[in-house]
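S.K.: These are the residues of each chain, in order.
Protein chains: 2
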Amino acid sequence: MEATFTDLNTPARLLLGPGPSLVPPRVLRAMATPTIGHLDPAYLSVMDETMALARYVFQTQNPFTLVLPGTGSAGMEAALYNFIEEGDPVLVCVAGYFGERICEMVTRARGDLRRVDAPWGQVVTPAQVEAALKERPAKLVAIVHGETSTGIAQPLHEIAEVVHRHGALLLVDTVASLGGVSVPVDEIGIDICYTGSQKCLSAPPGLAPITIGPRAEEALANRKSKVQSWYLDLTLLRKYWGPERVYHHTGPANMIFAMREALRIVHEEGLEARFARHAACAQMLYEGLEEMDMSMLVAPEHRLASLTTVCAPAGMDEMAVRKRLMAEYNIEIAGGLGVFKGTCWRVGLMGHSARPENVVTLLGALRKVILQ
Amino acid sequence: MEATFTDLNTPARLLLGPGPSLVPPRVLRAMATPTIGHLDPAYLSVMDETMALARYVFQTQNPFTLVLPGTGSAGMEAALYNFIEEGDPVLVCVAGYFGERICEMVTRARGDLRRVDAPWGQVVTPAQVEAALKERPAKLVAIVHGETSTGIAQPLHEIAEVVHRHGALLLVDTVASLGGVSVPVDEIGIDICYTGSQKCLSAPPGLAPITIGPRAEEALANRKSKVQSWYLDLTLLRKYWGPERVYHHTGPANMIFAMREALRIVHEEGLEARFARHAACAQMLYEGLEEMDMSMLVAPEHRLASLTTVCAPAGMDEMAVRKRLMAEYNIEIAGGLGVFKGTCWRVGLMGHSARPENVVTLLGALRKVILQ
Numbered sequence: 060m061e062a063t064f065t066d067l068n069t070p071a072r073l074l075l076g077p078g079p080s081l082v083p084p085r086v087l088r089a090m091a092t093p094t095i096g097h098l099d100p101a102y103l104s105v106m107d108e109t110m111a112l113a114r115y116v117f118q119t120q121n122p123f124t125l126v127l128p129g130t131g132s133a134g135m136e137a138a139l140y141n142f143i144e145e146g147d148p149v150l151v152c153v154a155g156y157f158g159e160r161i162c163e164m165v166t167r168a169r170g171d172l173r174r175v176d177a178p179w180g181q182v183v184t185p186a187q188v189e190a191a192l193k194e195r196p197a198k199l200v201a202i203v204h205g206e207t208s209t210g211i212a213q214p215l216h217e218i219a220e221v222v223h224r225h226g227a228l229l230l231v232d233t234v235a236s237l238g239g240v241s242v243p244v245d246e247i248g249i250d251i252c253y254t255g256s257q258k259c260l261s262a263p264p265g266l267a268p269i270t271i272g273p274r275a276e277e278a279l280a281n282r283k284s285k286v287q288s289w290y291l292d293l294t295l296l297r298k299y300w301g302p303e304r305v306y307h308h309t310g311p312a313n314m315i316f317a318m319r320e321a322l323r324i325v326h327e328e329g330l331e332a333r334f335a336r337h338a339a340c341a342q343m344l345y346e347g348l349e350e351m352d353m354s355m356l357v358a359p360e361h362r363l364a365s366l367t368t369v370c371a372p373a374g375m376d377e378m379a380v381r382k383r384l385m386a387e388y389n390i391e392i393a394g395g396l397g398v399f400k401g402t403c404w405r406v407g408l409m410g411h412s413a414r415p416e417n418v419v420t421l422l423g424a425l426r427k428v429i430l431q
Numbered sequence: 060m061e062a063t064f065t066d067l068n069t070p071a072r073l074l075l076g077p078g079p080s081l082v083p084p085r086v087l088r089a090m091a092t093p094t095i096g097h098l099d100p101a102y103l104s105v106m107d108e109t110m111a112l113a114r115y116v117f118q119t120q121n122p123f124t125l126v127l128p129g130t131g132s133a134g135m136e137a138a139l140y141n142f143i144e145e146g147d148p149v150l151v152c153v154a155g156y157f158g159e160r161i162c163e164m165v166t167r168a169r170g171d172l173r174r175v176d177a178p179w180g181q182v183v184t185p186a187q188v189e190a191a192l193k194e195r196p197a198k199l200v201a202i203v204h205g206e207t208s209t210g211i212a213q214p215l216h217e218i219a220e221v222v223h224r225h226g227a228l229l230l231v232d233t234v235a236s237l238g239g240v241s242v243p244v245d246e247i248g249i250d251i252c253y254t255g256s257q258k259c260l261s262a263p264p265g266l267a268p269i270t271i272g273p274r275a276e277e278a279l280a281n282r283k284s285k286v287q288s289w290y291l292d293l294t295l296l297r298k299y300w301g302p303e304r305v306y307h308h309t310g311p312a313n314m315i316f317a318m319r320e321a322l323r324i325v326h327e328e329g330l331e332a333r334f335a336r337h338a339a340c341a342q343m344l345y346e347g348l349e350e351m352d353m354s355m356l357v358a359p360e361h362r363l364a365s366l367t368t369v370c371a372p373a374g375m376d377e378m379a380v381r382k383r384l385m386a387e388y389n390i391e392i393a394g395g396l397g398v399f400k401g402t403c404w405r406v407g408l409m410g411h412s413a414r415p416e417n418v419v420t421l422l423g424a425l426r427k428v429i430l431q
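Respectively, the protein sequence lines represent chains F and H. With the numbering used here, the residue at position 350 of the first sequence is 409, and numbering never jumps. With the numbering used here, the residue at position 150 of the second sequence is 209, and numbering never jumps.
Excised from the complex, chain F in its bound form (with noise of 0.2 Å):
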């Protein structure tokens, strides 16, 4: 091959979009480990310390709870298909790009797909669920709580009620919000819940944490079908992560080392600390964007802390903002996704990057490009 292959030489970026977001420093460090073999002693302590921190998190005290070798798509896909069998009916309730993604998988798994949808940008309540459920019973319903791509944040604690009251698990996405936003998982009885590395947590992309309740656990017991991902099976992964050991996957050591870390920063932080925090960085963006005459697409009451979608100034390329942000500054923020795109941006202030010099930072950018 004739090609060189210089250094590695990239650039430093402020990460406001939805994801990844920027690593701590320590994160970094921590990762940069020297690589342990995945049944070491020592890695199966940090496996342990790892699994105790994710239950933190999650607000949970379900055994089984572990970080899958894959990203926030991952979990996703070994949430769904650990608990649908083939003509399995599901209820996925849809409020943009990636309760939609669910909708695929659950199709891809076999399970007999039911759907409720609210208008992108708003979110589902508690009686579409309910009639739903009434009108076909649903072994499974998911949701997604952060919907990464209109920046809504979805309320859970009534349609969990209504989940219950008809029998069946509940499933939620919680990849653009846990450590974040408040997600009590116990208090709400979300049965199946993940997340990503990359976002609230600033781990760097590439595992999904997730753990699962008694009801679900029992579900998964019940299967007469095996799963149809060995990769993503929960129950061989469990018996890993668990005390018996049995080797399934090299572990991702230096991955696994970085989320630790992770985790300990939002430990020794507190989760209160936490969502005060990433909430105090969302409400001086939306001030200092209204400022600046622009207007938030989502109603107050349902807005995401880490995400917020901003409606572009009418008749402005956004595209070009954003590629001036990044030329010019550094910045990295998104466009719109499906029926915002070429209208709107999302602005991630997520984990180390929802600190108030970076909201500043952001403004100050925005006013340069937009306004001069």
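Keep in mind the hints are simulated off the structure, nothing from the lab. You may find that some hints are simply not true.
Heads up, the list lumps identical chains together, so a pair's fine if it works in one copy or across two of them.
Claimed, not checked - Derived pair list, reagent style BS3-like, types lysine-lysine, alpha-carbon separation capped at 25 Å:
(1) K198 x K283
(2) K427 x K400
(3) K285 x K198
(4) K427 x K382
(5) K298 x K400
(6) K382 x K298
Assemble the complex: chain F is given as a structure, and chain H must be docked to it using the hints.
M.R.: Frame of chain F; chain H shown alone:
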């Protein structure tokens, strides 16, 4: 949560098991580079370079070469699931633990499984494959090149000829061999080939490079049903890795930084020099073990340079030896798997671990533990 969590404080191990291998400091440093977004132009360039380097190591011109966001087992699952539809006849050559794993996945993919078996520690012969394909044609023939459970290097050229003469696709698992032993994908005519990041490539565990040849690409385009894994759907993954850059998952940026650096080191060393280094280290190990009156499990002509299975002296508690190697010398080797459990050791000299200083360290420690 009452527990306290200290700074990560894992020991430095000499990794001489069947993977992960030692990761060079350069790779650890590259991995700790600040995270950037999965659609950042700078990241897209890193992906392109990583693909080019992966082609070099696979010795292929296949445009369809990329890195999967999961471990070697995710590579196995992707390789199988994308090329199997319900009822497709699949022939699996089984000569160890990982051949068995392939069978398990074929079944989960709803393929119609047939198998040819070789005793553990031996190789499958072209005549066996020929006879099986004459009895029943297959769409796909799967085989493991370096069987991590037994330490054999499976000859591939003649089998490839047989497989193609019968109109089937050839899938080869090179998790334990690629980068340490020559796997000329194009010359042999391998249609689907994957590996893991953490063995002879010496990147941290968590990624799986894969390459897809033109016949397999055509088979993928002609599928009638969707791939049953969304996360590992190669057609979607290619749209992200290829010029279209369609978002699929959040690219595991730091792991890809590490992968690029690990592949760059392979490229700097050159494949021939690297293969010679692995062969020389293996030879040094064989001779040292024989001097201690120990014998290798595999016949000389079928040994895998990167992984050696050593028969534990009769009556010796092999696990006690491994425990002492780790406790007293911080050396990791592995025990036997499956039929060799309790009777053999597995010693990996893979990638950055394959250095003379490591061989003498292991031999010296073994001498102390066994003979004194």
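S.K.: If a hint holds in the structure, say so; if it does not, say that too.
M.R.: Quick rundown of the hints versus the structure:
1. For the identical chains of this complex, K198 and K283 are intra-copy neighbours only, at 14 Å inside a copy versus 29 Å across copies, given an alpha-carbon limit of 25 Å.
2. Only within a single protomer do K427 and K400 lie at most 25 Å apart by alpha-carbon distance; the minimum there is 23 Å, versus 67 Å between protomers.
3. In this assembly of identical chains, the alpha carbons of K285 and K198 lie at most 25 Å apart whether taken from the same copy (17 Å) or from different copies (23 Å).
4. For the identical chains of this complex, K427 and K382 are intra-copy neighbours only, at 13 Å inside a copy versus 63 Å across copies, given an alpha-carbon limit of 25 Å.
5. In this assembly of identical chains, the alpha carbons of K298 and K400 lie at most 25 Å apart only when taken from different copies (19 Å versus 43 Å within one copy).
6. For the homomeric pair K382 and K298, the shortest alpha-carbon distance between copies (22 Å) is at most 25 Å, but the shortest distance inside one copy (47 Å) is not.
In summary, the structure agrees with every hint in the numbered list given earlier.
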